[in-house]
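Residue numbers (my numbering), protein chains in the order written: chain A, 1 to 272; chain B, 273 to 711.
These aren't lab readings, by the way, just hints derived from the structure by calculation. There's no promise every hint is true.
As the list claims (entries may be wrong) - Below, a sample of chain B positions facing chain A; criterion: calculated Cβ distance under 8 Å: (1) K446; (2) I447; (3) P544; (4) Q565; (5) Y569.
As the list claims (entries may be wrong) - In silico lysine to aspartate or glutamate, DMTMM-like type, Cα no more than 20 Å apart, as pairs: (6) B:K421 to A:D84; (7) A:K155 to B:D564; (8) B:K421 to A:D24; (9) B:K445 to A:E85; (10) B:K421 to B:D597; (11) A:K153 to B:D597; (12) A:K153 to B:D573; (13) B:K478 to B:D450; (14) A:K150 to B:D562; (15) A:K153 to B:E580.
For glycine and all other residues, C-beta sits at the position ideal for the given N, C-alpha and C.
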Amino acid sequence: MHLLPLLLYAAAAAAYVAHFAWRDPRVGRLATALLGGGVLAHTFLIGMQTVEAGHAPLVGTSAAISAFVWLLGLSYLYIELTSDERSMGAFVAVLLVALDVIAALDPSVTPRPPLLRSPLFTIHVMSVLLAYASFALACVLGVTYVLLFKEIKAKHLGFFYTRLPSLQVLDVMNSRAITVGWIFLTLGVIVGGIWAAKVQGSPDPRAQAMSLADPKILVALVSWGIYSFALFARKVIGWSGRRAAYLSSMAFVVVLLNFVLVGYFLTTSHNF
Amino acid sequence: MRLFAVGLSHRTAPVELRERVDFARGGVETALAALASRGVGRELVVLSTCNRAEIYAVGDTDTTADGVGQFFSEYHHIAHTQITEHLYVHRGADAARHLFRVAAGLDSLVVGEPQILGQVKAAYGVASDGQFTAALTNRLFHSAFTVGKRVRAETGLGEGAVSVSYAAIALAKKIFGDLKGRGVLILGAGEMAKLTGIHLQSQHVKQITIASRTLLAAQNLASRLGGVAVSWDGFDAALAAADIVVTASGASEPILSRARVEDAMRPRRSRPLFIIDIAVPRDVETAAGDLDQVFLYNIDDLRTIVQENLARRGAELARAEAIVDEEVARFTAWMQSREIVPTVVALRQRFETIRRAELERLEPKLASLPPEARTRVDEVTRLIVEKLLLTPTEQLKSVSDEAMIVAYADALNRLFSLAQDTEKAKGGVASEEESEVSS
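Chain A extracted, bound-state conformation:
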């Protein structure tokens, strides 16, 4: 059962790539339907796990990645259905599959330690994950912007030129995704800080490790800094277009490293 969303995501990714390459609208609709099915199956899975465990399955990096995949799928579907623009799907769905494979390696629901029994924990995790989902979309938009930009600049109008929306649209959507992501990340960091201060007296060693010395917290603040700079650069220095696109793609690499690599191997405060 826990593999069903992954299988549907993989099928959707294949269909999105096929649609991107051959632009058959039937394949496009199939891709959307498969992704919708994947998100729905994923919703059921998360719902069942919540009922079984008595709390939302957000404990541990695998569970967080799984929830992130679910949120990203959901936000992408929302954007696709409201903008009627399917070309990003090929990039987003591939990212979904890659991350869901990692999550599927450890499908068990980790019991919630006493430390995490707080609504603040849920708000913290959900806001950060929403922020990451927005940043993931911004990254995809940035990458596609650069691809299209290079084609137009090189006067070689081909593959991406016929498939992607205009540079302007990509840039505006990128700006929105960064703004939304930054708001949620800020919220997540603040709530995380309040919660960490509250649990300082806890005997749990992880509560003691909640400090800037912990790589997960440090890198999260670094990425908050990068995205704050991206916003500032766009609004004040006028870095839009190609520079903003590069920045949002690079910044997401930092987020991804923190989320997956640091989350699994390096952190001492967030290893639930």
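Fit chain B to the given chain A structure using the hints.
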């Protein structure tokens, strides 16, 4: 019932003749009514565009086609001899194929142009509103709309600009999205500048600014395009404000150096600038195109894009033709089932009637037989009839050529005098065709 397409197009007739047979001028409804009053054809659709005049008609014999041909000359008061060599006549499946190719833009002057599908829809709409259409033309035109939609959705036939101006506008849209609210600066006031300006104006750009060596020429063009003229030495502010710059000055030295463009870019920050240099010799230094967020295209770049688009359209032709083939096959199968199924049904009914009649005639002799034997006789006679009809039925079902269908149906009608039965079978065909034909 046969389908005919009679007409002329840019492929067969010169523009002088096409102008004279324009049905749209006097109103397509009037033409349809005039044609219907002659009793030519039962179902009628008139398709009249600047590149073609065609009449789709359903009739029983080739006289329908002749009648429509006559109508072309008499309605427009043109000598029949003058028009007849330019007219083409397509029958049955060929007529369907012709319409499907027209709807897909395959028969257009600019292959893949999208307007024709709308024109076909409008032509059908007029005929349908006037109740000149019925089952056959309804099905035919709806299939044509399907072909048009499928070709547009499944192939790249209509994609890519095939003229330099459209290529430039398509590029601008790929950079800026909607061109509404964008500013345009045109350097030069010659013919090329004017043409490009008109194209841009049709995109509802926010403002067009024109600079030319002679201020008067700039002012003239500005009033023509609803823009403003600025002096030749003072266009730098307009350059910094513009999103799209068209250069067509005819100067012998570049007027936009890299440094000048760089200066204009500074206050714009990252706002892109699209420079279209259609002047020969070129007006913009090539190095200006290396600046970040500057997209510089000269006339040769645009021509190359047009060439590539044309080549790509050529590659998509085969895919579009395959879609036409598929839909023609589907339409023919439908048409064929309409034509041949009643004949098959009538033929089988005729055989069955004969069998029953013979059994009844033999009834006194068979009465003495035991019931099992009588059942056996009934079964054997039925099997003989089945066996006799098996091959002809299969053969009839495999006929795909519409003319052959008519010929076969006609022959069978005569040989077995089925005429009345066929008419009767047509009424009940909907319920019987499945069981009768598939047996």
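Here is what the structure says about each hint:
Look at B:K446: its Cβ gets to within about 5 Å of chain A, closer than 8 Å, so that hint holds up. With a least beta-carbon distance of about 5 Å to chain A, the hint placing B:I447 at the interface is held under the 8 Å criterion. Annotation: interface hint on B:P544 holds; nearest CB of chain A at approximately 6 Å, less than 8 Å. Given the 8 Å rule on beta carbons, the hint for B:Q565 holds: about 6 Å separates it from the nearest Cβ of chain A.
Taking 8 Å as the C-beta cut-off, the interface hint given for B:Y569 holds, the closest approach to chain A being about 7 Å. Proximity of B:K421 to A:D84 is assessed by CA-CA distance (about 18 Å); at most 20 Å being required, the pair is judged to hold. For the hint linking A:K155 to B:D564, the alpha-carbon distance of about 14 Å falls within 20 Å, and the restraint holds. At most 20 Å may separate the alpha-carbon atoms for a hinted pair to count; B:K421 and A:D24 meet this at roughly 12 Å.
Restraint check: the Cα-Cα separation between B:K445 and A:E85 comes to about 16 Å, which is no more than 20 Å; the hinted pair holds. Only pairs whose Cα atoms come within 20 Å are accepted, and B:K421 paired with B:D597 is accepted, the gap being roughly 15 Å. At most 20 Å may separate the alpha-carbon atoms for a hinted pair to count; A:K153 and B:D597 exceed this at roughly 40 Å. Taken as a hint, the A:K153 and B:D573 pair is honoured in the structure, with Cα atoms around 11 Å apart against an allowance of 20 Å.
Only pairs whose Cα atoms come within 20 Å are accepted, and B:K478 paired with B:D450 is accepted, the gap being roughly 11 Å. Simply put, A:K150 and B:D562 have alpha-carbon atoms about 12 Å apart, close enough for the 20 Å limit, and the pair holds. The straight-line distance between the Cα atoms of A:K153 and B:E580 is roughly 17 Å, inside the 20 Å bound, and the hint therefore holds.
In terms of the numbered hints stated before, the structure departs from hint 11 and from no other.
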